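Novice: Chains as they are written, first to last, in this note's numbering: chain Y, 1 to 512; chain D, 1001 to 1369.
Keep in mind the hints are simulated off the structure, nothing from the lab. Treat each hint with caution, since some may be false.
Now the stretches of chain D that chain Y is said to cover, found in silico as 3 or more residues with beta-carbon under 8 Å [said to hold, decoys possible]:
no. : segment
1   : 1186 to 1196
2   : 1202 to 1209
3   : 1224 to 1234
Below, computed lysine-lysine pairings styled on DSSO-like, alpha-carbon distance capped at 27 Å [to be verified]:
no. : chain 1 : residue 1 : chain 2 : residue 2
4   : D       : Lys1184   : Y       : Lys63
5   : Y       : Lys188    : Y       : Lys142
6   : Y       : Lys63     : D       : Lys1330
7   : Y       : Lys385    : Y       : Lys339
8   : D       : Lys1161   : Y       : Lys74
From a predicted model like this one, the values you see are computed outputs, not experimental measurements. We put the beta carbon where it would ideally sit given N, CA and C, even for glycine.
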Amino acid sequence: MAATLPPISGGSGGLKQGQPVQFSPSPPKGPPSGRLKPLKRGTGARDGLQPEKPRSQQAMLTKRQTTAYRNSYKHNLCVEMLTEGYHRSFCELFALIHRQEEERLSAGPESLLWNMTLLKDQHEKLDMLKTHLTRIEYATRKGDFYEVYKSRFELARYFQQTGDKWLADHFFMTCLQTSTNISNDSGKTQAEGYCNVGLAQEENGEYYHAMENFEQYYKLAVTNKDWITADNRTFHTDACIHLSRIYETIGTLLQDEEDKNEMLEYLKKAFDMAQESEIHMLTGEAAYRLGQAYEMNGDAETALLHLNNYLAICRSAEDNDGIGKACDAIAKALERDGKVEKSIEYLKQFVQVAEKSGNEQAYSKACHNLGIIFNKLGNYEEATKSFDKAYTLARSMGDVASININRVQFGIAMAHKMQTGVARHIVMNSRQALERIVEWKSSRLDEFEKPFPKPVKLVPRPLTPKELSKPNIEEENEVPEGNQEKVEEERKENTFTSIADTDTHTETTESG
Amino acid sequence: MTLNPLANPKGVNLLCELCQKPAFIQCTKCRVTYYCGVEHQKADWLGIHEKVCQNLISLRQNEPFLASEEERQNRQRLLLNKKKAMIDLTRTTGQKLLFEGKHEQAVPAAMQSLRFAIDVHGLASIELVPSYLILGEASIGLGRLSQAEEYLAQAQWTVLKTPECSNSIKSRLYRNLGLLHAAKGEYDESLRQLANDIYHASEEFGTDDIRTSGGYFHMGNVFYRQGRIDIADSLYRQVTDIWYTHLYKVVKIRTRTPATPKGIGPLISEMSEEEEEGLDEAQEAEAVQVLNSLYDLREHQPNRQPQDLATVCHALAMLYFVLMDINKAKEFGRKAVVASEGHPDDNLSRSIVEFMKVCDRVPVPPKKD
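Take the sequences, apply the hints, and build the full model.
Specialist: Rendered as structure tokens:
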């Protein structure tokens, strides 16, 4: 109880509180000498009072300057905002900073967020936030919500540019909230707000929320067709475009679901919206996608309807790529429907268009598809031709995946083509045929189609060492008819491998 | 209470509890507290002594003879715990008295807490700061500005020397400094201090906590005095909203429990009262002070926004409900209904009506108490 405390009713201000030194005796210095030292109270204090020259020459810092030095940038910014009376701006800014810190913490030190520069250390952005937020608060106090909306929108755009998606999202969201307060433009800003929020959500992958917002946007836009966006479209068209896109996205998302009806539903909605927007290309694309979905679902007729629609649109727009795509899809649908002839017709068209437009990729694909269909039909002649074309195109493009696929297909088609010849020769069971097979084995030249030369006297020639080393083939060739199928199978295998061999061979030679 | 003039034994200097001058009378209840006169004893009794009288006995007794070291340490530990508890008790009391506007009475409590704090933590500890702050605030309230400045300067110095000092202490320090400057009429400086207060409080509790709201309220007062009414208005609105949401939450928790057993509603709610986090004494006092002054302000404001008054009334009604003063709660509830009538904010009026129903369900309890 040693502390002296001021009297409660003493008017003179009481004793000083600020001298705790008085009560704590300093530890004794040195060994006790037995004699009391002379008291030197106050001298130390006087030494301290001696003004240091350099400091005295400096101007005294104001309190503001010292705090600016002592506290963080965020601290000073907040205090400044508060002293000016912008407490709501402070709350918002503070909440944003806090939110980021929290997200970072919950993401943990392993995440990408951990090493990002926090908002509170980005002074430029903080300044930007401050100026706009204070302006917003001022406008709110005056009740000028349009100004609020504009400022918030500006902030959102700014953060979109700097890549701070979450901040941009926040301000778009608040834009929408603000826009509900603006009553004198029959909801134009609100529509804009819905649109922006929808776009932001779409980017975040929240497609269903985005869809809801776009639907709101559409609702507002459809009643006011005279509103026009910055790039000279009506709000209505804009809404249709966005809605069509989001429906389509959702539709494709649902592709893997068990129930295909929902997907079709969304794609149909997308198509309707595209039609409403009256933009032909968009309608075409939507029709194409819808057609493909129907095709996938096994409903070839409806698919054809939509695909033909797309083809017509592409024709009128003279979009060669589009025509190609349409032809391709139609051909596929037809094929599934069993109308192969027609399918080939369309594919040929595709090839033509692709050739004309000079789009090598499409050309290659067209040839490939055509080849496949021919291959299936057993028209190996045509198939090899098509695949040959596709293969060369792919090689000239240098597209590895396409090269590989076409190479294999080319090989298969060739093999199929050769197969009949080989089989025939085996069945023939004559010496000439046998020789030719052996010939083929060593040189891999397809000469099975050639007519046999007139039976000249065959001079038996000595066997080459290579032939000697494979006597078993000759033996096998002479198996009786009953085993023929087995042999053929083996042959097939051989042809496959051999053709692959030739292929690599040709490639190396050509590349060399 | 009888007062005994004291005959001092030789070598013992008995000093007055409050002013440290030679003492002449002794408290007859605890017999360990001395005063220089009746005036100081009375002040101390009203301020804090009534609450701590019995506790002081064990703390101020001479150390009994204890044989073993262990026992001595045990006693030391017990004493320390007791003292810490006393610090808390005295501080809360002081704070509460301050919010009730009894600055004179708050001083003894603050002194007592300071004394215990020095005893426990030493002279230069950060733990002393809250006591200094209460003293400072009391001095501001009493108009002794230079004295207040001394206390606060001491507190500020301690805070500055302790970099790891918690934000809540900083916030209270700056709040008091802000009040001091406001009392001196230095409004700009006051605003800066209060801004610092809000910043630190927000760091600690969040921007929308009732412990932050005090800063907004004082800031609003300063702006009001500066004549910047629109800013003050906006600040007051935020304060009201903060209290409103907090009280709404508390009321919701309380009314949920007695929903099933209707007949014995108040009894149940009394029982559950201890468990839930509500308001401590100081906070209750603060709520009463802040909300009442806001209510006065809104009532006399000529061009107020319609829902402002309704919100304040509703908040007050809920506050009195929480304080178990049902009559007053009903009164303010009715005022809130009147104020919210004819205004479009449906949510507010609906919650008011709901609240009134709850009030009616609770039979008036004060007669029982």
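Novice: Are the hints correct? Go through all of them and say.
Specialist: These are the hints, each one checked on the structure:
Counting residues of the segment 1186 to 1196 of chain D whose CB falls under 8 Å from any CB of chain Y gives 7; the rule of at least 3 is met. With 4 residues having a Cβ less than 8 Å from any Cβ of chain Y, the segment 1202 to 1209 of chain D passes the three-residue criterion, so the hint holds. Residues of the segment 1224 to 1234 of chain D with a Cβ under 8 Å from some Cβ of chain Y number 4, which satisfies the need for three, so the listed coverage holds. Proximity of Lys1184(D) to Lys63(Y) is assessed by CA-CA distance (about 17 Å); at most 27 Å being required, the pair is judged to hold.
A threshold of 27 Å between alpha carbons decides the hint, and for Lys188(Y) with Lys142(Y) the separation of about 21 Å falls inside it, so the pair holds. Using a Cα cut-off of 27 Å, the hinted pair Lys63(Y) and Lys1330(D) is violated, with the two alpha carbons roughly 49 Å apart. For the proposed pair Lys385(Y) and Lys339(Y), the alpha carbon gap of about 22 Å is at most 27 Å, so the pair holds. Pair hint Lys1161(D) plus Lys74(Y) holds up; C-alpha atoms about 22 Å apart against a cutoff of 27 Å.
Checked against the numbered hints listed earlier, the structure breaks hint 6 alone; every other hint is satisfied.
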